[in-house]
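Engineer: The listed protein sequences derive, respectively, from chains A and B.
Residues 1 to 544 (the numbering used here) are what the first sequence spells out, left to right.
Residues 1 to 544 (the numbering used here) are what the second sequence spells out, left to right.
It should be emphasised that the hints constitute simulated quantities derived from the structure, not laboratory data.
One or more of the hints may lead you astray.
If chains are identical, the list can't say which one is meant, so a pair holds when it fits in one copy or spans any two.
Claimed, not checked - The list that follows gives simulated cross-link-like pairs (lysine-lysine, DSS-like), each with its CA atoms no further than 25 Å apart: (1) K48 - K297; (2) K405 - K342; (3) K504 - K382; (4) K128 - K540; (5) K498 - K342; (6) K521 - K181.
Note that the coordinates shown come from a computational prediction; the quantities given were computed from them, not determined experimentally.
There are 2 protein chains.
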Amino acid sequence: MCFEILERDLLARIGRLKTKSGKVETPILLPVINPAVQPIQPKELAEKFGCKALITNAYIIRKHYGEKAAEEGIHRLLGFDGVIMTDSGAYQILVYGDVEVAPEEIVDYQERINTDIAVILDVPTGWKVSHKHAEETVRETLARAQKLWKIKRRDDILWVGPVQGGKFIDLISESARKVGKLPFQIHALGSPTPVMEQYLFDLLVDMIMAAKMNLPIDRPLHLFGAGHPFMFSLAVALGCDTFDSAAYAIYARESRYMTEYGTFRLEELEWLPCSCPVCTSHSAKELREMPKNEREKLLAMHNLYVCFEELRKIKQAIIEGRLWEHLEMRCHSHPALLKALKKIGKYAEYIEKYSPTIKRSGLFYFSHLDLARPEIIRHKRKIMKDYSPPEKAKILVLLPQTDEKPFHKSREQKRFLKLIKEKFGEKSEIFHVCTYAAPFGIVPNEIDEVYPLSQHEVASPLDEETIEYVAEQVAGYIEKTNYERVFLLENIREWKGKIAASCKAICRRKGIKLFTFNVEKWNRATAERFADFISEIMGKGKTE
Amino acid sequence: MCFEILERDLLARIGRLKTKSGKVETPILLPVINPAVQPIQPKELAEKFGCKALITNAYIIRKHYGEKAAEEGIHRLLGFDGVIMTDSGAYQILVYGDVEVAPEEIVDYQERINTDIAVILDVPTGWKVSHKHAEETVRETLARAQKLWKIKRRDDILWVGPVQGGKFIDLISESARKVGKLPFQIHALGSPTPVMEQYLFDLLVDMIMAAKMNLPIDRPLHLFGAGHPFMFSLAVALGCDTFDSAAYAIYARESRYMTEYGTFRLEELEWLPCSCPVCTSHSAKELREMPKNEREKLLAMHNLYVCFEELRKIKQAIIEGRLWEHLEMRCHSHPALLKALKKIGKYAEYIEKYSPTIKRSGLFYFSHLDLARPEIIRHKRKIMKDYSPPEKAKILVLLPQTDEKPFHKSREQKRFLKLIKEKFGEKSEIFHVCTYAAPFGIVPNEIDEVYPLSQHEVASPLDEETIEYVAEQVAGYIEKTNYERVFLLENIREWKGKIAASCKAICRRKGIKLFTFNVEKWNRATAERFADFISEIMGKGKTE
Numbered sequence: 001m002c003f004e005i006l007e008r009d010l011l012a013r014i015g016r017l018k019t020k021s022g023k024v025e026t027p028i029l030l031p032v033i034n035p036a037v038q039p040i041q042p043k044e045l046a047e048k049f050g051c052k053a054l055i056t057n058a059y060i061i062r063k064h065y066g067e068k069a070a071e072e073g074i075h076r077l078l079g080f081d082g083v084i085m086t087d088s089g090a091y092q093i094l095v096y097g098d099v100e101v102a103p104e105e106i107v108d109y110q111e112r113i114n115t116d117i118a119v120i121l122d123v124p125t126g127w128k129v130s131h132k133h134a135e136e137t138v139r140e141t142l143a144r145a146q147k148l149w150k151i152k153r154r155d156d157i158l159w160v161g162p163v164q165g166g167k168f169i170d171l172i173s174e175s176a177r178k179v180g181k182l183p184f185q186i187h188a189l190g191s192p193t194p195v196m197e198q199y200l201f202d203l204l205v206d207m208i209m210a211a212k213m214n215l216p217i218d219r220p221l222h223l224f225g226a227g228h229p230f231m232f233s234l235a236v237a238l239g240c241d242t243f244d245s246a247a248y249a250i251y252a253r254e255s256r257y258m259t260e261y262g263t264f265r266l267e268e269l270e271w272l273p274c275s276c277p278v279c280t281s282h283s284a285k286e287l288r289e290m291p292k293n294e295r296e297k298l299l300a301m302h303n304l305y306v307c308f309e310e311l312r313k314i315k316q317a318i319i320e321g322r323l324w325e326h327l328e329m330r331c332h333s334h335p336a337l338l339k340a341l342k343k344i345g346k347y348a349e350y351i352e353k354y355s356p357t358i359k360r361s362g363l364f365y366f367s368h369l370d371l372a373r374p375e376i377i378r379h380k381r382k383i384m385k386d387y388s389p390p391e392k393a394k395i396l397v398l399l400p401q402t403d404e405k406p407f408h409k410s411r412e413q414k415r416f417l418k419l420i421k422e423k424f425g426e427k428s429e430i431f432h433v434c435t436y437a438a439p440f441g442i443v444p445n446e447i448d449e450v451y452p453l454s455q456h457e458v459a460s461p462l463d464e465e466t467i468e469y470v471a472e473q474v475a476g477y478i479e480k481t482n483y484e485r486v487f488l489l490e491n492i493r494e495w496k497g498k499i500a501a502s503c504k505a506i507c508r509r510k511g512i513k514l515f516t517f518n519v520e521k522w523n524r525a526t527a528e529r530f531a532d533f534i535s536e537i538m539g540k541g542k543t544e
Numbered sequence: 001m002c003f004e005i006l007e008r009d010l011l012a013r014i015g016r017l018k019t020k021s022g023k024v025e026t027p028i029l030l031p032v033i034n035p036a037v038q039p040i041q042p043k044e045l046a047e048k049f050g051c052k053a054l055i056t057n058a059y060i061i062r063k064h065y066g067e068k069a070a071e072e073g074i075h076r077l078l079g080f081d082g083v084i085m086t087d088s089g090a091y092q093i094l095v096y097g098d099v100e101v102a103p104e105e106i107v108d109y110q111e112r113i114n115t116d117i118a119v120i121l122d123v124p125t126g127w128k129v130s131h132k133h134a135e136e137t138v139r140e141t142l143a144r145a146q147k148l149w150k151i152k153r154r155d156d157i158l159w160v161g162p163v164q165g166g167k168f169i170d171l172i173s174e175s176a177r178k179v180g181k182l183p184f185q186i187h188a189l190g191s192p193t194p195v196m197e198q199y200l201f202d203l204l205v206d207m208i209m210a211a212k213m214n215l216p217i218d219r220p221l222h223l224f225g226a227g228h229p230f231m232f233s234l235a236v237a238l239g240c241d242t243f244d245s246a247a248y249a250i251y252a253r254e255s256r257y258m259t260e261y262g263t264f265r266l267e268e269l270e271w272l273p274c275s276c277p278v279c280t281s282h283s284a285k286e287l288r289e290m291p292k293n294e295r296e297k298l299l300a301m302h303n304l305y306v307c308f309e310e311l312r313k314i315k316q317a318i319i320e321g322r323l324w325e326h327l328e329m330r331c332h333s334h335p336a337l338l339k340a341l342k343k344i345g346k347y348a349e350y351i352e353k354y355s356p357t358i359k360r361s362g363l364f365y366f367s368h369l370d371l372a373r374p375e376i377i378r379h380k381r382k383i384m385k386d387y388s389p390p391e392k393a394k395i396l397v398l399l400p401q402t403d404e405k406p407f408h409k410s411r412e413q414k415r416f417l418k419l420i421k422e423k424f425g426e427k428s429e430i431f432h433v434c435t436y437a438a439p440f441g442i443v444p445n446e447i448d449e450v451y452p453l454s455q456h457e458v459a460s461p462l463d464e465e466t467i468e469y470v471a472e473q474v475a476g477y478i479e480k481t482n483y484e485r486v487f488l489l490e491n492i493r494e495w496k497g498k499i500a501a502s503c504k505a506i507c508r509r510k511g512i513k514l515f516t517f518n519v520e521k522w523n524r525a526t527a528e529r530f531a532d533f534i535s536e537i538m539g540k541g542k543t544e
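Hey, can you work out the whole structure from these sequences and the hints?
Structural biologist: Structure, rendered in structure tokens:
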């Protein structure tokens, strides 16, 4: 296997990709090198930025250098002894309509220039095309992908199998399913550039997921043209492992300054909002006033610093299990990114399947968008499918969440539990105390210390959708269990009567007696009153 | 005036503070210098970080250097010719219970060491204290503040009038009101450190606002001990102009690594998520393995780079009118910060009053939390109080928002407006077309190009609270106007029937005829059907 997965979070992974020129760690950004117009030389990329891999275009290399590149080898030609990936000229088809090279030739050429990672000459679907045209690009790309395995001669090059289909999700799925059956070491999602240029990140989510869900999950996925750091975490979270970026250089040419949350025109910057070596040694004014090519180089360097920094931030977030938090922060850079985060909910169950169970860090809950988190999906499934209440439990007691966690050790609950114990003695085992809480819904007391049921922080007050979700979970739990009675303590100010309404509906339907006790605040005093309330009603029950 | 305000956004301002040692631009962070244990010398702060102002402690200086500091002057003693602020030892009272110096002595000493900005020896309220004790600290602080103006001899030093009261909002208000009547050049909010240490940022919002709303708004406000970059934007947005931070050094001593979104222990960092000169020339491992004092200095430098970078980001956001966006992004670093953002809603009307009307950039709408934005509050007030429909308008036509803006130039509306014009000719003036839209509620067509009604991006799908808000605005508008009829086109999938329900209730109450037309999608085809619907009903009306 050329790809080893070391750590996971969501669909992201920290991986190690082995090539004949060495190993690289993923997720990784490969700067695009165009030898003709290159603001930062490959050697400098290696030395200043610790850059271990780059991408160039075999079609352009062939056009400009022809056999020279084959004789010298691409590494010597570029002056870079790290990992070199070559694209095939497919992007040039998209831009210029066609290229003057046969698919077989570009396979042969990539082998002869001794590239490390090669891409077949696929046929990009493009953006403003019909479903029929898109189908043809998928079919032709697949035909070329199949042919590769007959014509290629070397075994030490990693070949990339591109997935096409454009914005047609059905075609992406089909393309991924078929190309994934061929023995490619890497896959790539083709032609997302127009989608990204138009900030259609929600569509990008569907596109990446269609590819991801239909490709072998253990192969790395490359996303072409994803060059802006503000969307790296989105792509990584959805399982993209490698990226290429020409943007750092193109933006620099246009005096555009990247940040991890957006792009500035240099003219509008009064201060440089960055601490990279470029920005700590120049002012915005200095950059504006220097000769163009000097500025272009410095801006390209700045842009790369920002890109690489964001990847380090993402990798650190992955090993800590904080990638969702990181993604959510970045998605608040632009509404188009938040739309994408909202879209992820659609794939929550798939993402949950591949996301690790135990993490290093607690979980932050900001809003109902976080209900798509694997931890929450997983808890819901556990409660609804695998969980059974303790054997002696006959009566469900529902208490609201407390700030202190675990819930059963909070001052409020401790007081309540003590009183129940005092009042009912051994018989208190018939009471099963569960906490209803955001974001997990229902948390039976005997498991409330299991990760992450006590390891989370919630930004209160809760939003409507979160309250609704908790209310649904409580009802779903009553539905699937067989308690004889339910006692509910509702903190009406916090829960707006929604928990009571939801319990009432399900209890009526199941014919279970529900006793609701409303309080303004959930504290030790109301804990006492609620214990009295239960005791009184249970007493009545006895004499009935 | 020693403080000139150049730019504003929310309650934030870019200002210029004039002192006898030169001008500094605010918001500004003053690194705390403790000459006894100082990882970065003041000279280096000036040279490497462009640091123009710092703060030290007159009480500690007096203890260690006594008359030497008075003879040399504080600038020479520290080797720093920028602006020096001296704190008075009040923090030491808080920590050690008392200090061995009289309030008058520390006034005199600060004058004699030639400080630029001085603080009276106030009495910090502290955290775990009774209301009664807090009252006493407020009273005594005020007495000392009054006394200053009798005993001080120099006129070229800026004096800081501290506001006390701790967590007691009523006392902060009172303290601010009273101390604000004295001729202090600067004010400061005292003892928020425990509040920040406990991440009680929502309480901090109340505390800052109580001070802000009761102090003269044109004086700068200092926030003591706000040393973490992840909350700078919160404090700045609420009108704090100057900060001091010992945290950069204290954290460094404890091997804690700051980022703009939180703190890491150096041991848990696999990669350095930063591009500052320290982090681009060292790896996490190298930092961990070097001698402690070397590491401490480098971490202090890194921490300062991050702090200063965040302030540049904030200043850039202020001049672009993007501070709310910046704040919202940062508040997604931790639920405790998002709680604070939720709290800001309480002060939305006050903030609106002082926030500028025209901004450079469009507005991003992420969720209902953004309903507290000045632009939205302002539009609501305008519509409800100042706006009147065109004179000939008799019939209200409500159309849903479109992606294209301005709304009346969208393909959907253009089609609709053309049809109405065709069908009704001159008489079409009786129809007043308004768009109901998130986040502004109701947008009359004739003003839909006024900033920011066309200059915003919304992260759809909308949340419940936003839909509710729009529904309320629509009802409120019908309530305050005198249309004879209302035609509503509702895109039910997007608006969940809430707009119709809200219109129905108010129209019934006012006895206005409401005609609702539900569509699955709002496009040119449904525009035609809706125009037909209106025309048919109007025809019937004629023959009635």
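Engineer: 25 Å Cα cut-off: does K521 pair with K181 within a copy, between copies, both or neither?
Structural biologist: Neither way: K521 and K181 sit 60 Å apart in one copy and 40 Å across, limit 25 Å.
Engineer: How would you label the pair K405, K342 (within, between, both, or neither) given a Cα cut-off of 25 Å?
Structural biologist: This pair counts as between: shortest inter-copy Cα distance 23 Å, intra-copy 29 Å.
Engineer: Between the shortest in-copy and the shortest cross-copy C-alpha distance, which are at most 25 Å for K504 and K382: within, between, both, or neither?
Structural biologist: Within one copy only: 24 Å inside, 43 Å across.
Engineer: Is it within, between, both, or neither for K128 and K540, if the alpha carbons may be no more than 25 Å apart?
Structural biologist: Cα proximity of K128 and K540: none, with 73 Å in one copy and 45 Å across.
Engineer: If the cutoff is 25 Å on CA atoms, where do K498 and K342 land: within, between, both or neither? Let me know, please.
Structural biologist: Classified as both; 24 Å inside a copy, 21 Å across copies.
Engineer: When Cα atoms must be at most 25 Å apart, do K48 and K297 count as within-copy, between-copy, both, or neither?
Structural biologist: Cα proximity of K48 and K297: in one copy and across copies (13 Å, 23 Å).
When the structure is compared with the earlier hints, violations turn up for hints 4, 6 and for no others.
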